[in-house]
Amino acid sequence: MAEITMIEAIRQAMDEELARDERVFVMGEDVGVRGGVFRATVGLYDKYGEARVLDTPLAELSIVGVGIGAALYGMRPICEIQFADFIYPAFNQIVSEAAKMCYRTNGEWTVPMVIRAPYGGGIGGGLYHSQSVEAFFTHVPGLKVVIPSSPYDAKGLLKSAVRDPNPVMFFEPKKGYRLIRGEVPDGEFTVPIGPANVTREGSDLTVFAYGMMHYYALQAAEKVAAEGIDAEVVDLRTLYPVDKATVLESVKKTGKALVVHEDNLTGGYGAEIAAILAEEAFTDLDAPVRRLAGPDVPAVPFSHPLQDWFMVNPEKIAQAMRDLAKY
Amino acid sequence: MELSSEMKREMYWTMLLARRLDERAWVLHRQGKIAFHISGIGHEAAQVGAAFALRKGHDWVTPYYRDLALMLSLGYSPRDFMLSLMGKREEPNSGGRQMPSHWSMKDANAVSHSAPVATQAPHASGIGLGIKMRGEDKVVLTTIGEGSTSQGEWYEAVNWAAVHKLPVIFLVQNNQYAISVRVEKQMAVKSSADKACGLGLVGITADGTDVFKMWEVINEAAERARSGEGPTVVEARMYRITPHSSDDDDRTYRSREEVEEHKRQDPLLVARAALEKDGLTAQEHDEMEARAKAIVDEAVQYAEQAPYPEVEEGMYPVYAEEVRNG
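Each protein sequence line maps, in turn, to chains Z and B.
Numbering follows the working numbering, in which position 213 of the first sequence is assigned residue number 220; successive positions increment by one, without gaps.
Numbering follows the working numbering, in which position 19 of the second sequence is assigned residue number 594; successive positions increment by one, without gaps.
Just so you know, these hints were derived from the structure itself, not from any lab.
Bear in mind the structure is a predicted one, so any value in this text is a computation, not a measurement.
One-sided excerpt, in silico: chain Z residues whose CB lies under 8 Å from chain B: (1) S103; (2) T112; (3) N113; (4) W116; (5) G149.
Computed cross-link-like contacts, DSBU-like style, restricted to lysine-lysine with a CA-CA straight-line distance of at most 30 Å: (6) Z:K54 <-> B:K740; (7) Z:K166 <-> B:K707; (8) Z:K166 <-> B:K681; (9) B:K583 <-> B:K631; (10) B:K765 <-> B:K740; (11) B:K608 <-> B:K868; (12) B:K788 <-> B:K765; (13) B:K631 <-> B:K740; (14) B:K770 <-> B:K631; (15) Z:K260 <-> Z:K230; (16) Z:K54 <-> B:K707; (17) B:K608 <-> B:K663.
Quick look at which bits of chain Z chain B covers, simulated, 3 or more residues with Cβ under 8 Å: (18) 59-69; (19) 74-83.
All C-beta atoms, glycine included, are put in the ideal place defined by N, C-alpha and C.
The shape of chain B in the complex, shown without the other chains (with noise of 0.2 Å):
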């Protein structure tokens, strides 16, 4: 299967909205409009490309917080967005329980996931095992920061998947840092797609800025996953431009000559590189612009006005008996 060229705007597009509507969680933060947020940029490429490669609403994911790229591809809206950014009532991922960006959209199959790192990954193993035992042609996309393949869970996850040749990709988005420490202080092996080999399952590095590259190489995982050859881990290399999270200060543990020397690799300028080659004009890039620029505005207005939660909602629903609808 090849990319066609409205596919590509398409992912460019999703790109671009994912920027846009990031960058302005920065400006409310400096506002003091929210409370806090954490930071996708440098990831977009990643995420979308991978979200491309599966079957929207048929394949499942376990995404982790840095994944608004991943999830406004999956049908997450710049709305739902703002409103878990100011922890409004209508906000999907919990109904203002849960820190912004903490993803659940049962529509799109894609799960809730909690804070402690790499949680998620044994969830979608289990996911994974759920499919095999009913002979479905789903797969589950998992996605992890590297700093958090030190942890045991995601070992514990993907041996699980290789043992069972469960349809699993794990997908490591490798930005450099774990907050502040330097992936060299995580793995001693060069890229976390070597620990697969250990663990007996097929492993995998690509450019993590290349969003079309991408897609193919989760494409690809995706096909071996449905033929029944296994679990993949992916690793996707970025540079997280951004600091942590918006109570993070990364001045504090590297250079400002370092980021901006990355910022040249940004991979929105990557694939937009690209789709000038394929036509894509200026005019039309200012109205992809124009467009996002509106749409960041309404939902930002429309988040503002959307009322809180009423305290009493927060007793419940603790239980599945106590879950009211509406």
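The shape of chain Z in the complex, shown without the other chains (with noise of 0.2 Å):
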């Protein structure tokens, strides 16, 4: 078993699906010659040729829109929107269409496609290459919202979404490409789509999160633990459609949770979990949910301590969660 870097891990799914099935293929802006310009698909032009690994003109409607009606003919396009800052003028094509597909037809038209974007700040990327927009997809039946935070997930959920039927948003935290490492096993296996994971067992609050929040919610509880804090840590990982058993039970357990994302408050994806909570687990709450997110500003700002401001880091979530488990 190796230990490898969450591209590399997103780079081997796309690899082994294009081996596994013919019908596969790459598309996106500067992912054939180049190889992406964050390198998630190095190699794969070479190894499979122009027509299957596609530089796309630069016009992201197009590239879902296109990657659309190749999977209404057959194919598994996976197409990367280089980073999700650039996602909006699909969103037609995402929303009106995809998502909408097999209801508007009574499951006659399926659209079977992924469709991956870099999200997330703290890499000096400013207003336009570090937002988080899955809030945006959670609100939309019909697509499938999924967030790895770790190499072993981002492979084995990858390749699940390749062979899902249905579209799947599959956002990839950029600031964890090569800062997160972890164990991948040699060969053939998935992470299904749909179950949350307990990643760290706890008995005194629950932290849910998801794609590098999850990665530094993990640190935060190293650093409560010492202090005699025993959180839980829960990676939510496919957002929609959410695994409310498990976020249920957990807080069943520890009767406190406090959730986190990047992306601003208001609105967020934050609010749901919140929701199910207040609506499902309200007597087993022993505090009132906590969320931590971005401040309501458009988005991360370019200047170094700017964007520090604007981040959650894992010294932010430990001090959340000191405060939730003083309540």
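Two chains, two frames, a set of hints: combine them into the complex.
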């Protein structure tokens, strides 16, 4: 078993799926000759050729729209949006077309495709290379929304996404691309879309997180453990449809919940977890549900001190955990 | 390839049936029996000419909401249309989920579309990409109104097809109006086909009231696509004889004289005149009319008696795993 980076796990998943199924192809801006601006597709162009690793026109709407057409025809496209911040031109195709196709045809047509996009801040990317866009898509029935936080999950979930018969939004925490390393077994495995993962057992409170914030939440949990706070950490992994059972079960045990995301607070994904707990776990709660999120400003500012101010980090999570434990 | 007399009559018959179904839809709306109708009256020649140039069930189509005559040409039935108008369970587009005239027919490779305009154009390029990847000889026809060619989605789709020389025919049905807005407010060029030269593909403007001419033009475009020469933009010119939809009142933006003037160039009259030269008699035409009326009557009766969806059906299928048969 080798220890690899998140980006290598993602590359391996695409490599293996391209080899497994000739209907699978990759397309996006700079994914071919260059191997992707983050190098997620490096080597795939040479291995599979330009017909299956396609450099597209610089136009996100049609990367998705053409992908939908190819999926309807029977192909299995993996569409890369270079940064999640650039996904908005494709919003209409994702929400009006991909998400609604199965329902609006009573199942006659389906859209099996993956839309990959690196998301998140802390990398000096400013307003338009740092955004977290998941909340726009977790409101849309017909989509599945997945965010991995480890190389193992990234590879296993991406392979499941490629094989899924529905459109899957696959958001990758770009700050973790090379920072997060982990063991990934050689050979075939998948991680199912749907179940959340309890990555740290604890009894005092539960932290719900995903992507980069889950990685930080584990660090924060270690930090407060030394102070006597025994935190449970849940990696949500599949944001939509959400694994309600795991969420409720954890809070039944701990009685306290902190939801963490780097997207801004209002209308963010944490609101949904808080609402589920308010409606279905009220009597299990020993404290109000707490949300820790980015501030309600348009996006992550560029200048270093401003970026650090915006970003949720392990210390901020640890402090929120201490406050909640005290309640 | 030349059109035989039988083929020409079949084409005219399809136009006539589409017209009588469309007219009945207006009547049903005025009777309060249906909630909505969007009309294709005046578009029949372009649609039937295009559809008959395709190999049914082999080539692909991403249509738009005025394409009743196109869909009938591909095998959509009068009953299907009436069921869709009434939102009945058996309605084949969507089982009563979509508004009428939002077509889908998988057997005919006719892909479902939505109401935000031009979204179907990139799908056609994606299907074209799939055809090219598999090295098949199929073509894709995608249709659209001239107003919707203002959308970025259309340009992106045409550009893609041109860059990759995809086997796609972009048929623009220029009926002069986008609801109330004249074509001059949509584009500075004289024809949407002129937009093709800026994107590096062939653009052709054709008389969309002449069904046989339309067949020739689309046939040539299909040949070009099949031989690997890439996509074509075809603008078919016609006039939207009816208001935009049953919710529109076209008296608020155009004169009755203008509409009457254009009725003289009704594609049905044009086709009938050509067929009369080819030997179609008044008696034969009367028989066609009687047959059309009987078919439309039967379709209405059938659809009126057909059941609505059960409300439980509203919950699915959101995901492919939830698709139920029957």
